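Trainee: Could you build all of it, start to finish, from the sequences and the hints given here?
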Amino acid sequence: MDTFATALPALGEAWALILQPMVLGYLVLGVVMGLAVGVFPGLGGIAGLSLLLPFMFGMDPVLGLALMIGMVAVVPTSDTFASVLMGIPGSSASQATVLDGFPLAKKGQAARALSAAFTSSLFGGLVGAFFLTLFILVARPIVLAFGLPEMLMITVLGLSMVAVLAGRVALKGLAAAGLGMMIGTIGEADAGGSLRMATYDIPYLTDGLKLVIVGLGIFAVPEIVSLLRQDRSIAKDAKLGAGWGAGVKDWVANKWLSVRCSLIGVLVGVIPGLGGSVVDWIAYGHAVQTTKDKSNFGKGEIRGVIGPESSNNAKEGGGLVPTLLFGIPGSGSMAIFIGAIALLGSGDIEVGPSMLRDNLDITYSIVWLLALANVVGTLLCIAASGGIAKLTTVRFTYLAPFLFMLISFAAFQSGQNFEDLLALFVIGLIGIFLRRFDWSRPAFLIGFVLSNPVEKFSNQAFQIASFRFRKSFEEGMDYLFSPIVIVLIIVTVVSVVLGIRQAKSIMAEGDVQSGSKRAPVVFLLVIAGYLVTALINASLIPDYNMTDKIVPLVIGGIALACCLVMLVQMMLRPETDVIFADKEIAGEDADAPFGLWSTLAWFAGLIVATWFVGFILALLGFLTAFLRVRAGASWGRTLLLTACGIAMMCVMAGALNRDFPPGLLQDAVDLPWPLK
Amino acid sequence: MTIKNLVSSVALTTLLAAPALAEVDFSGKTIEWVIPFSETGGSAKWANFFAPLLAEELPGNPTVVVKFMPGAGSTKGANWFQEQEHEDGTLLFGTSGSTQFPYLLGDPRVRYEYSDWTPVMASGTGGVAYLNPEDGAKFDGTANNLKDIDFIYGSQGATRLDLVPLLAWEMLGMNVEPVFGIKGRGDGRLMFERGEATIDYQTSSSYLGAAADLVAQGKAVPMMTWGALDADGNIVRDPTFPEMPTFKEVCEATEGCETSGEAWDAWKAFFVAGFPVQKIAFLPAGTPDEVRDTYAAAFDAVRNRADFAEIASKRVGKYDVFVGESARAATDAGTSVSSGAKDFVTNWLKEAYGVSLN
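Chains A and B, in that order, give the protein sequences.
Numbering of the first sequence is given in UniProt numbering, commencing with residue 1 and proceeding in unit increments.
Numbering of the second sequence is given in UniProt numbering, commencing with residue 1 and proceeding in unit increments.
Quick caveat, the hints were computed from the structure, so don't treat them as lab data.
Misleading hints may appear alongside valid ones.
[What the hints assert, rightly or not] Each computed DSS-like pair below joins lysine-lysine, with the alpha-carbon atoms no more than 25 Å apart:
hint, chain 1, residue 1, chain 2, residue 2
1, A, K294, A, K249
2, B, K67, A, K676
3, B, K138, A, K471
4, A, K390, A, K292
5, A, K471, B, K147
[Said to hold, decoys possible] If the Cβ cut is set under 10 Å, some of the chain B residues that face chain A in the computed set are:
hint, residue
6, K45
7, V65
8, P70
9, A72
10, E87
11, G106
12, E196
13, G209
[To be verified] Reference listing, derived: stretches of chain B covered by chain A, where coverage requires no fewer than 3 residues with Cβ under 8 Å from a Cβ of chain A:
hint, stretch
14, 46 to 57
15, 171 to 181
Since this is a predicted model, take the numbers as computed values, not measurements.
Think of the CB as a built atom: it goes at the ideal place given N, C-alpha and C, for glycine as much as any other residue.
Mentor: Dropping the structure here:
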């Protein structure tokens with residue numbers, strides 16, 4: 001009871017700290033900056049916070065916190081714009097939102113999807129704050145109860161969502177997830193440092209591929225290319241249906257789903273080391289499993305938006321627990337946040353175990369500033385959503401060049417290598433074919449995201465478990481099968497069983513027709529070929545580095561087995577079977593006026609030109625040529641739009657102090673920024 | 001600290017520095033301080049702490065911005081810096097132990113050469129190793145009673161800074177099994193708190209921030225520090241923890257552990273690179289002396305601020321800051337290792353952990 005007796009006055013002090021006009025002013029300023037940064041895919045809170053860092057030195061702590069929290073809190077809110085409107089996952093927190101949000105936009109219901117998403121975000125943020133106010137006092141032992149086996153099981157639970165999202169042919173979904181995991185293992189292994197499908201001669205590969213690039217490549221590139229080929233607006237017939245009021249009503253109708261997903265968000269967010277990567281998938285899976293009529297998922301089911309969006313803002317609150325209590329950042333932006341707090345004031349706020357004891361009022365200020373920032377951010381976003389949704393009625397050919405510009409810039413920011421652009425293109429190509437042949441892209445992405453945690457936690461848990469088993473059998477069993485692990489195993493099994501039953505009705509890619517055998521077989525053989533290569537590559541790792549080879553061997557083996565079974569099925573079944581699904585046979589893609597390769601060539605052109613003359617000059621040529629030739633705009637319009645695009649890029653990069661990809665020209669001659 | 005203090009110390013240093021360095025002026029310029037790590041690491045914290053202070057002290061008060069160029073464990077950024085040449089003195093580069101270790105170990109990705117660069121400031125930290133209470137009770141200033149115990153340690157990798165503690169424990173005859181693949185020392189501490197790991201170490205500032213709390217609650221027992229370097233390059237007690245024995249003392253007291261010979265030399269070489277000379281700020285190859293001296297004077301002014309010890313200890317830990325000639329000497333000590341020591345470590349990494357760097 002003692003703790004609660006000190007908590008109440010601290011809570012009062014926290015509110016007194018927050019409710020000052022200056023503090024609220026800084027909070028709103030932070031929120032506006034956060035929204036501006038968050039709208040651009042791939043930048044996120046890290047870029048924004050780094051921008052604020054120079055001002056934090058010696059700043060009044062509450063003001064500095066208000067500014068930073070305002071910014072961090074709304075990034076997962078505003079990146080919803082890109083996910084819903086363009087099908088671009090702005091960050092790992094909004095991957096699952098793309099699945100149903102974008103189809104809604106295509107139906108002309110972008111405003112509805114956005115406002116439902118924002119209302120859910122708001123609610124999730126508030127639930128998170130309420131929950132934390134109490135929970136943070138007792139959190140320490142609970143957080144410590146989550147050891148490696150527990151974290152492994154949560155990751156496996158996230159992975160089990162593949163069952164729900166596998167699509168019509170379960171084997172294909174499994175193989176897609178396996179392929180995603182194998183792509184996730186590329187690079188230097190965490191444990192022993194062995195190289196997998198990489199070489200020191202290509203340093204880019206040793207770091208592995210970044211989530212931003214894979215997310216953009218798998219979801220954004222195929223959608224952009226497909227829409228561009230069809231030469232239409234995102235919203236079919238360029239009409240907007242339901243407005244933002246409908247979205248709020250949707251949320252009211254599904255408020256209990258929102259409550260449950262918010263709690264999932266906080267709880268998973270609390271566990272350090274998992275971060276946001278699994279939360280939205282678990283929430284999406286939960287939304288699917290608790291919906292009676294599952295036929296609309298993947299085609300624009302509003303519950304598929306409300307679930308993940310409720311969880312991702314709640315997760316931010318949960319993520320504060322490890323950050324504040326243990327001084328262990330739950331994400332990249334939290335790491336900067338911890339560093340920045342040390343710069344504030346006289347530097348006596350120390351994030352870590354002493355935080356609760358010495359600075360409980362500050363702790364509560366942080367929790368409730370986060371909640372307030374959510375409220376302000378959401379209201380601004382809802383107010384803007386009706387207008388921004390109109391973008392979906394614009395002829396897509398006018399949007400596409402700017403989207404190519406944005407995703408290239410976002411990809412480059414992840415590693416600041418020219419190779420980032422190449423990787424985006426290659427992954428984009430994989431995404432295009434996964435989509436065409438109805439291989440589950442969400443399953444691929446879940447596999448990729450969870451590849452590293454699965455490998456890390458299973459290796460480490462195995463090592464510690466074998467250590468305990470050496471002491472005594474009992475101790476080992478106690479370690480591996482704690483009550484938490486057993487509960488998680490049951491949840492996982494139930495979710496897989498239910499998921500497999502339901503998967504057939506969830507068609508993320510719509511009803512894809514089958515027709516010819518040749519193309520799907522060729523694609524399958526290419527995938528199997530890659531898996532074989534990766535398997536051989538992994539088997540060459542010496543045995544003393546077993547930790548680095550065991551996961552690629554097992555996962556690659558399973559994925560390859562799936563491919564082989566499918567190959568046999570393909571030989572036996574008629575060409576009308578669902579296993580031969582191919583979007584080029586019938587439907588929107590097949591009827592599109594433009595071909596795949598000629599459309600993709602534009603994107604390739606931008607990348608090749610960047611290689612020679614650097615990004616900005618390449619962009620100048622690309623925008624002009626695209627708008628004039630492909631979109632058929634008048635010269636006046638072409639030049640105006642090109643100037644706007646370049647100006648936008650320069651303002652954004654200039655404000656955030658970012659560079660553009662340089663080319664051969666920049667190697668030869670010194671040019672002033674932004675050309676350098 | 002008051003504004004008055006600040007103004008007077010700035011004024012004083014400007015007066016002192018001005019006559020000798022009249023020719024270098026950064027008015028209206030922007031200095032880029034490139035860090036070969038991501039925004040989230042310890043080096044980012046270090047540069048972000050020094051950047052505004054440096055800006056105040058450099059002639060003309062330029063803007064100092066910190067830029068990040070992560071990749072390939074910092075070798076990407078360092079390889080890039082190797083290609084840079086002096087232009088107008090507005091490029092600064094920061095390295096850390098994670099840049100020095102691959103260089104010392106002959107990592108194939110390393111295409112940079114420390115001796116080409118111009119060091120202007122170097123700073124370091126210390127480290128403290130601690131045990132769980134049960135095994136800690138058996139620690140009596142020697143590791144004699146710890147030799148039959150199997151320890152578990154959450155490690156970032158044997159070729160990283162963790163090489164120093166792992167080799168130290170090995171030299172003491174302790175059986176420490178590293179669990180590789182954690183992302184930072186904070187994760188290691190959490191593993192220790194959960195009881196999964198039974199031994200751990202933290203750098204000085206993180207020890208004070210979090211692990212000392214565990215010691216106060218009886219959940220951890222401090223074992224030893226890695227020590228600090230005196231002016232002659234000898235290992236002495238860490239000034240932050242004068243009551244704690246150093247590894248050197250524990251080693252001397254422990255049967256079978258020698259403070260001479262190739263194992264000791266190797267340990268010491270990597271300890272110096274990883275701790276007392278952990279972070280170094282460089283100007284590119286070909287930097288003229290007056291530019292170097294301008295930076296050295298500015299960093300000197302920073303470390304002589306009346307409030308420096310106070311603000312530094314809270315934000316980046318109590319670092320010894322070397323500037324000018326002593327930065328050069330520290331850099332030499334931190335980036336050179338005898339071929340005997342290198343071979344010893346390479347062999348040991350191969351035999352103990354199967355790590356090969358080729």
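Trainee: Next, verify each hint and record whether it holds.
Mentor: Evaluation of the provided hints:
no.: 1; hint: A/K294 x A/K249; in the structure: holds (20 Å)
no.: 2; hint: B/K67 x A/K676; in the structure: holds (16 Å)
no.: 3; hint: B/K138 x A/K471; in the structure: holds (19 Å)
no.: 4; hint: A/K390 x A/K292; in the structure: violated (32 Å)
no.: 5; hint: A/K471 x B/K147; in the structure: holds (16 Å)
no.: 6; hint: K45; in the structure: holds (5 Å)
no.: 7; hint: V65; in the structure: holds (6 Å)
no.: 8; hint: P70; in the structure: holds (7 Å)
no.: 9; hint: A72; in the structure: holds (5 Å)
no.: 10; hint: E87; in the structure: holds (9 Å)
no.: 11; hint: G106; in the structure: violated (12 Å)
no.: 12; hint: E196; in the structure: holds (5 Å)
no.: 13; hint: G209; in the structure: holds (5 Å)
no.: 14; hint: 46 to 57; in the structure: holds (count 4)
no.: 15; hint: 171 to 181; in the structure: holds (count 4)
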